[in-house]
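Q: Residues 15 to 753 in this note's numbering are what the sequence shown spells out, letter by letter.
Keep in mind the hints are simulated off the structure, nothing from the lab. Some clues are possibly wrong.
[To be verified] Below, a list of computed lysine to aspartate or glutamate pairs in the EDC-like style, where the Cα atoms sit at most 16 Å apart:
| hint | residue 1 | residue 2 |
| --- | --- | --- |
| 1 | Lys606 | Asp557 |
| 2 | Lys322 | Asp356 |
| 3 | Lys237 | Asp203 |
| 4 | Lys131 | Glu81 |
| 5 | Lys277 | Glu434 |
| 6 | Lys606 | Glu571 |
| 7 | Lys344 | Glu282 |
| 8 | Lys315 | Glu296 |
| 9 | Lys344 | Asp325 |
| 10 | Lys618 | Asp601 |
| 11 | Lys131 | Asp197 |
| 12 | Lys498 | Asp557 |
[Unchecked claim] The calculated label-pair distances, taken between Cβ atoms and stated as ranges, are:
| hint | residue 1 | residue 2 | range |
| --- | --- | --- | --- |
| 13 | Ala686 | His604 | 20 to 30 Å |
| 14 | Arg163 | Glu64 | 24 to 34 Å |
| 15 | Val546 | Gln162 | 19 to 29 Å |
| 16 | Ile656 | Ile635 | 21 to 31 Å |
| 17 | Asp203 | Leu423 | 23 to 33 Å |
| 18 | Arg65 | Ala187 | 17 to 27 Å |
| 19 | Met581 | Arg163 | 38 to 48 Å |
| 20 | Ile635 | Trp672 | 40 to 50 Å |
| 21 | Glu590 | Glu540 | 53 to 63 Å |
| 22 | Lys133 | Glu109 | 16 to 26 Å |
Just so it is clear, CB atoms sit at the ideal spot from N, CA and C, and this is done for glycine as well.
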Amino acid sequence: MAYDSGKDTQNSMLFDEIDPNTYYTLYNDGSVQNYEAASRKKLFLKIEKERFAATFGDISTDMTVTELSQYSRRLTGIKTEYRGEYFDGVAFASETDQLFVKDQIRGDGTSGYYYLKNKPIVINSESVSIEVRNRYRQQDIVEKKVLQRFRDYEIDYDRGTLYFREPVYSNDADFNPRFIVVDYETKGDGSRHYNYGGRAALKTLKGALEVGASYISEDTMKKRSELYGLDTTVKVGTHTVVKAEYAKTKTTQDGNTTYGDAKLAEIEHVSNGVYARLYYREQENSFGLGQISGNLGATRKTGLDVSKTFDNRLNLKASAFRDTDLLNEKDQDVFEFRAQMDRTLWQAYMGYRYADHTDTDPVHQMLIGLRYAFFDQKLKLSVTHDQSFGKDEDEIYPTKTMVGLDYALSAQLSFFANYEWAKGALDQQLGRVGMRYRPWSGMTFENTTISEYDNDVTRIYNTLGMLQTYQFNEKWGINVGYEKGVVVDGNTTAEKVDFSAYRLGLNYRTGKWTATLNGEYRDAGEEKKYNVTAAVYTQANDDLALALSAGYNKFEEYLSTQEDANMRMSVAYRPEQTDIIVLDKLDVIHSKRNALEEDMYTQKVINNLVVNYSPNTRTEISVQHGIKYVKDTVNAYEHKGITQLFGVDIHYDVTGKWMIGGQASVLYAHSANNWDYSAGMYTGYNIFTNMLLIGGYNWEGFEDTDFSLQNYKIEGPYLQFKMKFDQKNLSELVRWMSW
């Protein structure tokens, strides 16, 4: 349980995640952020016992067991779960003004910026992932990577922009399309409505049979939607699984009611080198609550995939499927057979493909491919070719050739280059050059935590935007990337853009210095994008650490330009032999927008300084000074001003368990000659080891997001729990509560 009487419930964020960039980068610690007491309300409550859990606070609905009835949102409300031997259940309810949005953005070969469709975004409501989809069957996800904020990407909730730590290419190495999938919440019109639902499932026959039912009610002022779903899973023996789902939605908007349904069935068998999958999926265009990918609407998909492996050397594959566009009443029929032989140094395949589209002539293709390894398998060369017979006018299955190179730079890192030429209804060329990372302990795919780094270097590694690179000597490392091709935005539009994207990154590291420089450039005709980031870190000695980071982003398109630049300098002075800690952070921000009818320009300089002094073991004094300069220009109108903060906080340990303290702060806006004050007292008591209860009252108060730094300066009473758990503390808590 947690209660915060001073919380601003109107402006607080979901899941209360701390932004490390808001505070002192170099004063990071080794903690991990979890959401065990997160709530936008003043109260958080969670009850857990064996197989049951109930939560009041910030919740994730996480209804992901089924596909058609899935419902994943981040809300503030109530959620209950039960997991039993014969019954599973989950239910939630929330009164909210939030609206759910799903965006799917094709990667463009750069780190960003990528713009979301709606803004502003509810803070911490987003879920970001990268999906690689089969280039021929985009309902099949080849690879999915769920990203983590601060480590993998940065988000501006007001502007609705995403910026990634590394480029998001439009295709993978095999030219399967790559998409950025973002689920997030936006604010509605302010009116609050109830959203609720859940799923219940019965399990029997020792878990071999599961039957479930789902219901969702989603309400906004303008639209009310309901979803009804049924699902079943049957395990036949140990090798075969049968799944079936049916779902129906009802949507009422502006007095009109529409219905939509979806159904799927799948049989999957895996045993003794045999894989077989028979599937059927149909979805009306009017079905759904926005949770499922839009390219599956108004489609029917039926298919069979079969493969057999002999002695781990010979593999035979066959697939046949029909995709139907229900709106345009068009079919695509495809049959493919492939025989592949694998040896230690080489791999080869040969096959046949037949493709028939409504209103076009059938396509017959011969498929061949060869891959060979040289130099103790460090270098691998490959070539594949799809040769059409008869008319060569098919856009999806043209005659094409791909050549590839893969060179192992180390056990974890390889350099690859692939290029593809296609000739058919549309001649096109696709190219990828880059580095591929293989995970090891302490590392994630395409994003690294350097295990040999320790202390501050490890902790600020991601904050400063450094990437794993190829170390060609003890000091220097390099990271490169290149992509060229034609982007097809989704599978239903004919819009195509020729583009080239380049990436070059350098790392430098010695005993006391670490530096990184990354540059990106994308040329797509009238659209051009430039990204440059740099960072320097040094720990001069055990007491002093400094870091400097900077970034520049520019996007040019017809009749408009956007430009952003930022610089941050952080200093941490933490001598072990003295009682003083000094933390300072300076931010310089520049933003410029030039359009046909409007020019906007913003400059901001912010400095935060905190000095902490402990004259004895019982007393701690903290002094803060902040200064902010802001200049905004819109066309000919200009506004600028300086704001300063002065604050002091003192607390004293009366006994080993009880402490008292007080704080006072002054916020002064120079241009308006306006003074705001905050003053109050507080007391804290250690209920037991590592659990501190703090209560306080401020007679005066204010709030400034650039200076507050989590201090309680708002007027009125407040209550805080501060807890730190380990195995011993948890046992003490259980005994204390007599559980």
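Q: Each hint needs a verdict: does it hold in this structure or not?
A: Status of each hint after checking the structure:
1. Proposed proximity of Lys606 and Asp557 is contradicted: the alpha carbons are some 39 Å apart, above 16 Å.
2. Taking the CA atoms of Lys322 and Asp356, the gap is near 13 Å; set against the 16 Å cutoff, the hint holds.
3. For the hint pairing Lys237 with Asp203, the CA-to-CA distance comes to about 12 Å; that is within 16 Å, so the pair holds.
4. Distance check on the hinted pair: Lys131 and Glu81 sit about 24 Å apart at the alpha-carbon level, beyond 16 Å; violated.
5. Of the pairs offered as hints, the one joining Lys277 and Glu434 is violated, with about 37 Å between alpha carbons and a cut-off of 16 Å exceeded.
6. Of the supplied pair hints, the one linking Lys606 and Glu571 holds, its CA atoms being roughly 14 Å apart against a limit of 16 Å.
7. Proximity of Lys344 to Glu282 is assessed by CA-CA distance (about 28 Å); at most 16 Å being required, the pair is judged violated.
8. This hinted pair checks out: Lys315 and Glu296 have alpha carbons roughly 6 Å apart, not beyond 16 Å.
9. Of the pairs offered as hints, the one joining Lys344 and Asp325 is violated, with about 42 Å between alpha carbons and a cut-off of 16 Å exceeded.
10. Annotation: proposed proximity of Lys618 to Asp601 holds, straight-line Cα distance about 8 Å (limit 16 Å).
11. Restraint check: the Cα-Cα separation between Lys131 and Asp197 comes to about 11 Å, which is no more than 16 Å; the hinted pair holds.
12. For the hint linking Lys498 to Asp557, the alpha-carbon distance of about 48 Å lies beyond 16 Å, and the restraint is violated.
13. Checked against the given bound of 20 to 30 Å, the beta carbons of Ala686 and His604, roughly 24 Å apart, stay inside it.
14. In this structure, Arg163 and Glu64 meet the distance hint of 24 to 34 Å, their C-beta atoms being roughly 33 Å apart.
15. Checked against the hint of 19 to 29 Å, the pair Val546 and Gln162 passes, with Cβ atoms roughly 24 Å apart.
16. A hinted range of 21 to 31 Å holds for the C-beta pair Ile656 and Ile635, which are about 27 Å apart.
17. At about 55 Å, the CB distance of Asp203 to Leu423 disagrees with the hint of 23 to 33 Å.
18. At about 44 Å, the CB distance of Arg65 to Ala187 disagrees with the hint of 17 to 27 Å.
19. For Met581 and Arg163, the hinted distance range of 38 to 48 Å is not satisfied, since their beta carbons lie about 22 Å from each other.
20. Between Ile635 and Trp672 the C-beta distance comes to about 19 Å, which lies outside the given range of 40 to 50 Å.
21. Judged by the Cβ atoms, the range 53 to 63 Å given for Glu590 and Glu540 holds: they are separated by roughly 58 Å.
22. As the Cβ distance of Lys133 to Glu109 is approximately 23 Å, the hint placing it in 16 to 26 Å holds.
In this structure, the earlier hints numbered 1, 4, 5, 7, 9, 12, 17, 18, 19, 20 are contradicted, and the remaining ones agree with it.
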